[in-house]
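J.: Sequence:
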Amino acid sequence: MSLETLPKLKKTTLHPLGEKIFLDRYALKDGTKSTVQVGDTVIVAVNLETGQREIGTVIGLENGTVKIALRDGEVVERALEHIDKPLETDPAQMLDRVARGVAEIEAPEKQEEWRQKFRWLLDEWKFVPGGRILTAAGTDQDLTYYNCYVIPSPRDSRKGIIDTLSQMTEIMSRGGGVGINLSSLRPHHAYVRGVNGRSSGSVSWGELYSFVTGLIEQGGSRRGALMLILNVWHPDVLEFITSKRQMGRITNANISVGITDKFMEAVRADADWDLVFPDTSYPDYDDTWDGNLDAWLAAGKPVIVHKTVKARQIWDTIIESAWASAEPGVFFVERYNKMSNSWYYAPILCTNPCVTGDTLIYTAQGLVRADELYAAGKNVDLVLDRRFGCTQTTTEASPVFWTGKKQVYRLQTKEGYYIRATADHRIMTPRGWVALKDLQPGDSVHILSRKGSFGVEGSLALGRVLGWLVGDGTIKKNEAVLSFFGEEKQELAPLFAEHVNELVAPLTAAKRRYKIAPINVKDRDEARIGSTRLYRLASQYGLTETKHRVPDSILRGSEAVQRGFLQALFTADGTFQDGGDKGASIRLASNSLELLEDTQRLLLNFGIASRIYRNRREAGYRPMPDGQGGLKPYWCQAQHELVISKQNMVVFADEIGFLMSYKQEALRS
Numbered sequence: 241m242s243l244e245t246l247p248k249l250k251k252t253t254l255h256p257l258g259e260k261i262f263l264d265r266y267a268l269k270d271g272t273k274s275t276v277q278v279g280d281t282v283i284v285a286v287n288l289e290t291g292q293r294e295i296g297t298v299i300g301l302e303n304g305t306v307k308i309a310l311r312d313g314e315v316v317e318r319a320l321e322h323i324d325k326p327l328e329t330d331p332a333q334m335l336d337r338v339a340r341g342v343a344e345i346e347a348p349e350k351q352e353e354w355r356q357k358f359r360w361l362l363d364e365w366k367f368v369p370g371g372r373i374l375t376a377a378g379t380d381q382d383l384t385y386y387n388c389y390v391i392p393s394p395r396d397s398r399k400g401i402i403d404t405l406s407q408m409t410e411i412m413s414r415g416g417g418v419g420i421n422l423s424s425l426r427p428h429h430a431y432v433r434g435v436n437g438r439s440s441g442s443v444s445w446g447e448l449y450s451f452v453t454g455l456i457e458q459g460g461s462r463r464g465a466l467m468l469i470l471n472v473w474h475p476d477v478l479e480f481i482t483s484k485r486q487m488g489r490i491t492n493a494n495i496s497v498g499i500t501d502k503f504m505e506a507v508r509a510d511a512d513w514d515l516v517f518p519d520t521s522y523p524d525y526d527d528t529w530d531g532n533l534d535a536w537l538a539a540g541k542p543v544i545v546h547k548t549v550k551a552r553q554i555w556d557t558i559i560e561s562a563w564a565s566a567e568p569g570v571f572f573v574e575r576y577n578k579m580s581n582s583w584y585y586a587p588i589l590c591t592n593p594c595v596t597g598d599t600l601i602y603t604a605q606g607l608v609r610a611d612e613l614y615a616a617g618k619n620v621d622l623v624l625d626r627r628f629g630c631t632q633t634t635t636e637a638s639p640v641f642w643t644g645k646k647q648v649y650r651l652q653t654k655e656g657y658y659i660r661a662t663a664d665h666r667i668m669t670p671r672g673w674v675a676l677k678d679l680q681p682g683d684s685v686h687i688l689s690r691k692g693s694f695g696v697e698g699s700l701a702l703g704r705v706l707g708w709l710v711g712d713g714t715i716k717k718n719e720a721v722l723s724f725f726g727e728e729k730q731e732l733a734p735l736f737a738e739h740v741n742e743l744v745a746p747l748t749a750a751k752r753r754y755k756i757a758p759i760n761v762k763d764r765d766e767a768r769i770g771s772t773r774l775y776r777l778a779s780q781y782g783l784t785e786t787k788h789r790v791p792d793s794i795l796r797g798s799e800a801v802q803r804g805f806l807q808a809l810f811t812a813d814g815t816f817q818d819g820g821d822k823g824a825s826i827r828l829a830s831n832s833l834e835l836l837e838d839t840q841r842l843l844l845n846f847g848i849a850s851r852i853y854r855n856r857r858e859a860g861y862r863p864m865p866d867g868q869g870g871l872k873p874y875w876c877q878a879q880h881e882l883v884i885s886k887q888n889m890v891v892f893a894d895e896i897g898f899l900m901s902y903k904q905e906a907l908r909s
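Here the sequence shown is numbered in my numbering, starting from 241 and rising by one per residue.
None of these hints come from the bench; they were simulated from the model. Please note that a few of the clues may not be correct.
[As the list claims (entries may be wrong)] Label-pair ranges, simulated between beta-carbon atoms: (1) Tyr649 <-> Ser779: 27 to 37 Å; (2) Val890 <-> Ala675: 31 to 41 Å; (3) Glu574 <-> Glu858: 49 to 59 Å; (4) Ala615 <-> Asp556: 48 to 58 Å; (5) Ser779 <-> Tyr386: 50 to 60 Å; (6) Glu719 <-> Ala615: 25 to 35 Å; (7) Asn287 <-> Arg666: 42 to 52 Å; (8) Lys755 <-> Asp866: 32 to 42 Å; (9) Gly258 <-> Lys717: 48 to 58 Å; (10) Asp866 <-> Ala675: 50 to 60 Å.
[Claimed, not checked] As a list, the in silico SDA-like pairs of lysine to any residue whose alpha-carbon atoms are at most 25 Å apart: (11) Lys269 <-> Asp280; (12) Lys618 <-> Arg666; (13) Lys273 <-> Arg318; (14) Lys677 <-> Arg666; (15) Lys269 <-> Thr297; (16) Lys729 <-> Ala893; (17) Lys541 <-> Ser521; (18) Lys755 <-> Val744; (19) Lys366 <-> Gln333; (20) Lys822 <-> Lys886; (21) Lys260 <-> Leu455; (22) Lys260 <-> Val278; (23) Lys717 <-> Leu743; (24) Lys541 <-> Tyr525; (25) Lys269 <-> Glu364; (26) Lys502 <-> Gly419; (27) Lys677 <-> Asp611; (28) Lys366 <-> Tyr614; (29) Lys886 <-> Asn855; (30) Lys273 <-> Ile261; (31) Lys677 <-> Ala610; (32) Lys618 <-> Gly597; (33) Lys762 <-> Met900; (34) Lys273 <-> Thr297; (35) Lys269 <-> Glu317; (36) Lys269 <-> Gly304; (37) Lys903 <-> Asp821; (38) Lys646 <-> Asn619; (39) Lys755 <-> Leu735; (40) Lys886 <-> Tyr657.
Quick caveat, the model's predicted, so the values are computed rather than measured. From the three backbone atoms N, C-alpha and C, an ideal C-beta is built for every residue, glycine too.
Could you build the full structure based on these sequences and the hints that come with them?
T.: Structure representation (structure tokens):
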């Protein structure tokens, strides 16, 4: 994207809670507090015991005591040390700083160009960097740009424990969160040969790390953040699991138990589980033990079984503690290494997966094109697929945003479904989410298996009239005409005349309002309903002489309008075929492949799967009636066919159906 095409920035706003988080966590602060004065917006600690902080305005300042009017009207007085003054009070100021700071890595002559590009990307929260980037970028402070660090498990010695503490303190003071696995530390009461004593255990050293975490203020905005892990084979694991249920222990860290596949198998089988630790008397223990039990055992080195318990005892204790204190969490060790996209031995391929603007998205407002959602610039209520473990029907997602120009691929199924997306866009398959570039011919992909999403606009009558226009209608010379043949003249023409009169009434001046009725065509087995008002209605919904597709208004319309459109289209142009040994089917033929693809998507929204057969009849000259009782060769476009079969016919009969009684009775029978 060139600078000339960058849209103008819009005002970036926050709701009250978001504003408080922004001012407290991410806004640049006056660390010296020397500029605080009456009228300033500040963050104040209103509860010194819990650390609760609120937004207020300074209304008085005397001898180091500040009087603040909070947003709820309460007035409090606090010492200056409990006040923080944000130097940025508008998110736009923070985003300006971040864009400038990130662009500083570029060559001097390119910095302004990239500053503007970064700033556009940050506008309206299209892209939100990690919290440490928001805090540190563009400042002269010596802070980290990374949120979290995992540091090596401490060596099982006093020096190793203190070295880890030093690393943790340095990282936290610069704003980074820290994760430490304590499994390298010998268990409680284990013999310590060097001092002829006993170990206080891994949990006690976890308490030390937790205590120091509570002393550190990260980058002037928050306390340190610490995650402690102990693997499920460690003899201290039961003490670790219940540690947060005991007042004063590990109060400034989250804890999680490292769970292995073997342990879960033991839980399922209600088997015994050995709590083990390496034999600390082994000659090279001090030099080689780093907490990796699998590597230790693979090298043939000895372990000591400290205790044997039922695996379910550990699992039940985890569950009980999680209910009682919301901790510990569980960390699935092997699963993490198999599935993480940042696993050490796997290549890291990280770009934004994208779809093209014409991709239809299932939203709470119906099927909407991605480019229309982008133009709206608002959060999107997406419809969720419960096959993937979702318990809710919809969820709010961030706005669709433009990611630039990338190579696009078309994924096509043999049934005719397709999507155009970038190579790294993930597709759900029976083996899980797979990047488009990694799919192979013959792979199966998931499609919608139930009703999708519908909007609220449009009636059954509107859907039927537009559907018949697409199926057996013509639009030309400021007139739209619906045609009915054979039995349709008696059974359907009067019904559609009622629909048309209902729909065009708002388009007609009161003095010129007259009924539209079917007109029989002389010497033809045809009745027509035509009018300029119907033409205006068709144009209003996107149907023209050259555009016979499913209108966008139908795709995003109500369930009734979509049902009516399909009823009319299949009644006008569709057939039911018994098929004999080959089986029955519902078929819709058209020379417009685009119409069939649109119809296939619309059917899928009702949970009806179908298949499109291209070029069922090749393009070429064919003898056709010449209107004078004879035949004449006419050029005919290629004919394509959409087919509904098997169980999907049952769903079609229940959800859609034909409007002509003989077709519907044949389908039902």
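J.: A separate judgement is required for each hint: does it hold in the structure or not?
T.: Hints and how they fare:
1. The hinted range of 27 to 37 Å is satisfied by Tyr649 and Ser779, whose Cβ atoms lie roughly 36 Å apart.
2. For Val890 and Ala675, the Cβ-Cβ distance of about 36 Å falls inside the hinted range of 31 to 41 Å, so the restraint holds.
3. For the pair Glu574 and Glu858, the supplied restraint of 49 to 59 Å holds, since their beta-carbon distance comes to about 56 Å.
4. For the pair Ala615 and Asp556, the supplied restraint of 48 to 58 Å holds, since their beta-carbon distance comes to about 54 Å.
5. Judged by the Cβ atoms, the range 50 to 60 Å given for Ser779 and Tyr386 holds: they are separated by roughly 56 Å.
6. At roughly 33 Å, the beta carbons of Glu719 and Ala615 sit within the given window of 25 to 35 Å.
7. Distance hint for Asn287 and Arg666: a CB-CB separation of about 45 Å, consistent with the stated range 42 to 52 Å.
8. Taking the beta carbon of each, Lys755 and Asp866 are about 35 Å apart, inside 32 to 42 Å as hinted.
9. Separated by about 57 Å at the C-beta atoms, Gly258 and Lys717 satisfy the suggested range of 48 to 58 Å.
10. A hinted range of 50 to 60 Å for the beta carbons of Asp866 and Ala675 is consistent with their spacing of about 55 Å.
11. Proximity of Lys269 to Asp280 is assessed by CA-CA distance (about 12 Å); at most 25 Å being required, the pair is judged to hold.
12. Distance check on the hinted pair: Lys618 and Arg666 sit about 23 Å apart at the alpha-carbon level, within 25 Å; holds.
13. Simply put, Lys273 and Arg318 have alpha-carbon atoms about 13 Å apart, close enough for the 25 Å limit, and the pair holds.
14. Using a Cα cut-off of 25 Å, the hinted pair Lys677 and Arg666 holds, with the two alpha carbons roughly 9 Å apart.
15. Simply put, Lys269 and Thr297 have alpha-carbon atoms about 15 Å apart, close enough for the 25 Å limit, and the pair holds.
16. Restraint check: the Cα-Cα separation between Lys729 and Ala893 comes to about 23 Å, which is no more than 25 Å; the hinted pair holds.
17. Straight-line distance between C-alpha atoms of Lys541 and Ser521 comes to about 11 Å, which keeps the hinted pair within the 25 Å bound.
18. A threshold of 25 Å between alpha carbons decides the hint, and for Lys755 with Val744 the separation of about 10 Å falls inside it, so the pair holds.
19. Pair hint Lys366 plus Gln333 holds up; C-alpha atoms about 16 Å apart against a cutoff of 25 Å.
20. Our distance criterion of 25 Å between C-alpha atoms is met by Lys822 and Lys886, whose separation comes to about 11 Å.
21. Taking the CA atoms of Lys260 and Leu455, the gap is about 23 Å. The hint holds against a cut of 25 Å.
22. Note on Lys260 and Val278: the hinted pairing holds, with a Cα-Cα distance of about 20 Å set against a maximum of 25 Å.
23. For the hint pairing Lys717 with Leu743, the CA-to-CA distance comes to about 20 Å; that is within 25 Å, so the pair holds.
24. Pair hint Lys541 plus Tyr525 holds up; C-alpha atoms about 9 Å apart against a cutoff of 25 Å.
25. Using a Cα cut-off of 25 Å, the hinted pair Lys269 and Glu364 holds, with the two alpha carbons roughly 23 Å apart.
26. At most 25 Å may separate the alpha-carbon atoms for a hinted pair to count; Lys502 and Gly419 meet this at roughly 24 Å.
27. For the suggested pair Lys677 and Asp611, the alpha carbons sit about 23 Å apart, so the restraint of at most 25 Å is met.
28. Between Lys366 and Tyr614 the CA atoms are separated by roughly 10 Å; this keeps the pair inside 25 Å, and the hint holds.
29. Distance restraint check for Lys886 and Asn855: the Cα-Cα separation of roughly 23 Å lies within the 25 Å cut-off, and the hinted pair is therefore satisfied.
30. Taken as a hint, the Lys273 and Ile261 pair is honoured in the structure, with Cα atoms around 20 Å apart against an allowance of 25 Å.
31. Proximity of Lys677 to Ala610 is assessed by CA-CA distance (about 21 Å); at most 25 Å being required, the pair is judged to hold.
32. The suggested pairing of Lys618 with Gly597 holds, with an alpha-carbon distance near 16 Å, which does not exceed 25 Å.
33. Taking the CA atoms of Lys762 and Met900, the gap is about 23 Å. The hint holds against a cut of 25 Å.
34. Between Lys273 and Thr297 the alpha-carbon distance is near 15 Å, which keeps this suggested pair within the 25 Å criterion.
35. The straight-line distance between the Cα atoms of Lys269 and Glu317 is roughly 20 Å, inside the 25 Å bound, and the hint therefore holds.
36. A hinted pair counts as satisfied when its Cα atoms are at most 25 Å apart, and Lys269 with Gly304 qualifies at roughly 18 Å.
37. Restraint check: the Cα-Cα separation between Lys903 and Asp821 comes to about 20 Å, which is no more than 25 Å; the hinted pair holds.
38. The hinted pair formed by Lys646 and Asn619 meets the criterion: a straight-line CA distance of about 24 Å does not exceed 25 Å.
39. With a CA separation close to 13 Å, the supplied pair Lys755 and Leu735 stays within the 25 Å bound.
40. Note on Lys886 and Tyr657: the hinted pairing holds, with a Cα-Cα distance of about 18 Å set against a maximum of 25 Å.
In this structure, every one of the numbered hints holds.
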